[in-house]
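K.L.:
If you read the sequences in order, they're chains P and V.
The opening position of the first sequence corresponds to residue 1 in full-length UniProt numbering, with each subsequent residue numbered one higher.
The opening position of the second sequence corresponds to residue 1 in full-length UniProt numbering, with each subsequent residue numbered one higher.
Hint data in this document are derived by calculation from the structure and do not stem from the laboratory.
Be aware that one or more of the hints could be misleading.
[Claimed, not checked] Think about it this way: if two alpha-carbon atoms lie no more than 20 Å apart in a straight line, the pair counts; the simulated EDC-like pairs of lysine to aspartate or glutamate are:
no., chain 1, residue 1, chain 2, residue 2
1, P, Lys277, P, Glu334
2, V, Lys84, P, Asp104
3, P, Lys84, V, Glu161
4, P, Lys127, V, Glu159
5, P, Lys84, V, Glu182
6, V, Lys337, V, Asp301
7, V, Lys193, V, Glu159
8, V, Lys277, V, Asp220
9, V, Lys75, V, Asp107
10, P, Lys84, P, Asp117
11, V, Lys277, V, Glu161
12, P, Lys127, V, Glu161
13, V, Lys127, P, Asp286
14, V, Lys84, V, Asp117
15, P, Lys277, P, Glu204
16, P, Lys277, P, Asp231
17, V, Lys127, V, Glu138
18, V, Lys277, V, Glu159
19, V, Lys127, P, Glu161
20, V, Lys248, V, Asp281
21, P, Lys277, P, Asp225
22, V, Lys84, P, Asp107
23, V, Lys193, V, Glu161
24, P, Lys84, V, Glu103
25, V, Lys84, P, Glu109
26, P, Lys193, P, Asp231
27, P, Lys84, V, Glu109
28, V, Lys84, P, Glu103
29, V, Lys127, V, Glu161
30, V, Lys84, V, Asp94
31, P, Lys84, V, Glu159
Here are the chains, one letter per residue:
Number of protein chains: 2
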Amino acid sequence: MSAFSEDILAAIPMPLLLVGPDERIRAMNPAAVRLFSGSATGRHVVTVLRQPALLQVVERALRSGETGDGRYVDKNLAREATYKVRAAPVQDSDGNCVLLSFEDITDLEQAGEMRRDFVANVSHELKTPLTALLGFIETLRGAARNDPEVRERFLSIMEREAQRMNRLVSDLLSLSRVESAERQQPTDPVNIKALVDSTILSLESVASAENVRLITQRLDNGTEDLIVRGDRDQLQQVLTNLIENGIKYGRNGGTVQVLLSYSARELAFRGPGVQIKVVDDGAGFDPIHIPRLTERFYRVDNHRSREMGGTGLGLAIAKHIVNRHRGRFRIETEPGKGASFTVLLPALS
Amino acid sequence: MSAFSEDILAAIPMPLLLVGPDERIRAMNPAAVRLFSGSATGRHVVTVLRQPALLQVVERALRSGETGDGRYVDKNLAREATYKVRAAPVQDSDGNCVLLSFEDITDLEQAGEMRRDFVANVSHELKTPLTALLGFIETLRGAARNDPEVRERFLSIMEREAQRMNRLVSDLLSLSRVESAERQQPTDPVNIKALVDSTILSLESVASAENVRLITQRLDNGTEDLIVRGDRDQLQQVLTNLIENGIKYGRNGGTVQVLLSYSARELAFRGPGVQIKVVDDGAGFDPIHIPRLTERFYRVDNHRSREMGGTGLGLAIAKHIVNRHRGRFRIETEPGKGASFTVLLPALS
Chain P
1 MSAFSEDILA AIPMPLLLVG PDERIRAMNP AAVRLFSGSA TGRHVVTVLR QPALLQVVER
61 ALRSGETGDG RYVDKNLARE ATYKVRAAPV QDSDGNCVLL SFEDITDLEQ AGEMRRDFVA
121 NVSHELKTPL TALLGFIETL RGAARNDPEV RERFLSIMER EAQRMNRLVS DLLSLSRVES
181 AERQQPTDPV NIKALVDSTI LSLESVASAE NVRLITQRLD NGTEDLIVRG DRDQLQQVLT
241 NLIENGIKYG RNGGTVQVLL SYSARELAFR GPGVQIKVVD DGAGFDPIHI PRLTERFYRV
301 DNHRSREMGG TGLGLAIAKH IVNRHRGRFR IETEPGKGAS FTVLLPALS
Chain V
1 MSAFSEDILA AIPMPLLLVG PDERIRAMNP AAVRLFSGSA TGRHVVTVLR QPALLQVVER
61 ALRSGETGDG RYVDKNLARE ATYKVRAAPV QDSDGNCVLL SFEDITDLEQ AGEMRRDFVA
121 NVSHELKTPL TALLGFIETL RGAARNDPEV RERFLSIMER EAQRMNRLVS DLLSLSRVES
181 AERQQPTDPV NIKALVDSTI LSLESVASAE NVRLITQRLD NGTEDLIVRG DRDQLQQVLT
241 NLIENGIKYG RNGGTVQVLL SYSARELAFR GPGVQIKVVD DGAGFDPIHI PRLTERFYRV
301 DNHRSREMGG TGLGLAIAKH IVNRHRGRFR IETEPGKGAS FTVLLPALS
């Protein structure tokens, strides 16, 4: 192959394999070398592709000189990747060759799958309280129609369930909004100390209802202003979600601390950073849950979370907002020793 | 360019443009010719791309010999298509060329957008009844706590709303299931006449409650069995949705007819077909709505649909099921003259 042809193959971002009439690989572009973890030029195509349905497509294209389509699933990587493969004839001096081009359709297929999972999850989250509501309504119209005590109790449960569904719907909307803005980094300067103070103020009544004390403290004894570039409302939502979690799952009669610090050289950013750490002194949980805790609807204790009015979306929202701020989100816990949720954000200076 | 190089460009499914050192187009593969509605070989790249940000990427790649990325939005087609463009250097005998490759990311971007729209729609559909429910509960616990008449009335509305939400959640789930199976064509033989009879039987009580008569009739006087390859449950859902719509939006005291016919040579399939036509004699609607009527949550009359307990998903589900059966779905209406919903399915023989 000429240097020019090779240049052209190299200039194309999708993996490309040229197969000769002898079913041996004549050329691979750099993207294909990456996909197949090394050059395979000269080898028989069977030893490289190994997927019978796709090999049939290649053979048919070689024999008939007609274009065909197949699929290639790459399981070598940490994530499984799916490619749509086009096998098209190319005429060389010594016969029919076939050029295989690999279009990565992993993200597209995943998007469909995610939507289906999402619908299934949302339906599941709503079915249970709706069935409960319908049951209560039926009882209130029938057996309990003249029992004011039962009525009051049922209405109070119904209110709680309807409020939780309402929160679920709101959380779904915020999550969707945060996701769609995730690529645009926010630019407004936000004073973290002031934001923490006002968030704590707005949560005081919730905390004292649960007999929990909210404390904020500067960890590093520094005097720098803690300023980040951010979206004030979204950062407030992160703080609210974390502090509310601390109140819900912390110790009754305990404390939730919001610990702040500044670092001029934060490793994660190779620059200045602000750290916000929300710590409770509750029961903690098995650290095995940590990696999945920011997935939608993942809960350490399903029953308890729902009882507490949780939507299963609070940490997912927090994680996405922190991502949008190019920050880091870290969870630590030890059973019996409480849990801590740390947000690290690039500081403005 | 050699015939071999040209062959290679032609074998790649993505549009490719080769730009010479003089900023003129040296070669285009057939996919690029389609994208730009004709060959532009020899023309200056500015006259073809016309999008300043992308032209800058091309110029930079030509000058620096480095790879760059840009975006190209194609508005020539009925749908707007978005491409991620890679501009990579290629060395030719007379200097630096640049190869532009166009990766179509329309579907991927649309998938994200659809999910966001979907969440926004679902949230909107649920927010209203939830707010209503909460209002009723509050009144029942407060002002109306000792008024059995108001209580009964409110509980009955609450029941209707909760049932509608429940149906909405079920419809979301079926829609999601149908979509995920849309590519697998069902294979079981289904007798359409028997299915229509049993569906009508199960809807008799709903119809007579609305004072509507259900009639089924063979239109073509034929005697062939009406057999299709299908998913019985899904086809029953289509029939149920269409007949229920006829009952809801048809004339009180009127009729809903299910008209069946067989054609040995149905044009749409170039083979035998079965036609199921559900016709009401109600008020009909402005045909302007027809093209959008199978979109999720699209309604001719929002208020009336909700009042009737509609989820806004029935026709979307029907359309997807018919698609899965490789059938056709057609809506006709004239204000004052009722509406007809026709399902055309390939017949087994």
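K.L.:
Hints first: check each against the structure and report whether it holds.
P.N.:
Comparing the hints with the structure gives:
no.: 1; hint: P:Lys277 / P:Glu334; result: holds (16 Å)
no.: 2; hint: V:Lys84 / P:Asp104; result: holds (13 Å)
no.: 3; hint: P:Lys84 / V:Glu161; result: violated (46 Å)
no.: 4; hint: P:Lys127 / V:Glu159; result: holds (14 Å)
no.: 5; hint: P:Lys84 / V:Glu182; result: holds (19 Å)
no.: 6; hint: V:Lys337 / V:Asp301; result: holds (17 Å)
no.: 7; hint: V:Lys193 / V:Glu159; result: violated (36 Å)
no.: 8; hint: V:Lys277 / V:Asp220; result: holds (12 Å)
no.: 9; hint: V:Lys75 / V:Asp107; result: holds (15 Å)
no.: 10; hint: P:Lys84 / P:Asp117; result: violated (23 Å)
no.: 11; hint: V:Lys277 / V:Glu161; result: violated (31 Å)
no.: 12; hint: P:Lys127 / V:Glu161; result: holds (14 Å)
no.: 13; hint: V:Lys127 / P:Asp286; result: violated (36 Å)
no.: 14; hint: V:Lys84 / V:Asp117; result: violated (23 Å)
no.: 15; hint: P:Lys277 / P:Glu204; result: holds (18 Å)
no.: 16; hint: P:Lys277 / P:Asp231; result: holds (19 Å)
no.: 17; hint: V:Lys127 / V:Glu138; result: holds (16 Å)
no.: 18; hint: V:Lys277 / V:Glu159; result: violated (33 Å)
no.: 19; hint: V:Lys127 / P:Glu161; result: holds (14 Å)
no.: 20; hint: V:Lys248 / V:Asp281; result: holds (11 Å)
no.: 21; hint: P:Lys277 / P:Asp225; result: holds (17 Å)
no.: 22; hint: V:Lys84 / P:Asp107; result: holds (14 Å)
no.: 23; hint: V:Lys193 / V:Glu161; result: violated (35 Å)
no.: 24; hint: P:Lys84 / V:Glu103; result: holds (13 Å)
no.: 25; hint: V:Lys84 / P:Glu109; result: holds (18 Å)
no.: 26; hint: P:Lys193 / P:Asp231; result: holds (15 Å)
no.: 27; hint: P:Lys84 / V:Glu109; result: holds (18 Å)
no.: 28; hint: V:Lys84 / P:Glu103; result: holds (13 Å)
no.: 29; hint: V:Lys127 / V:Glu161; result: holds (11 Å)
no.: 30; hint: V:Lys84 / V:Asp94; result: violated (28 Å)
no.: 31; hint: P:Lys84 / V:Glu159; result: violated (49 Å)
Of the numbered hints given earlier, the model fails hints 3, 7, 10, 11, 13, 14, 18, 23, 30, 31; all others are met.
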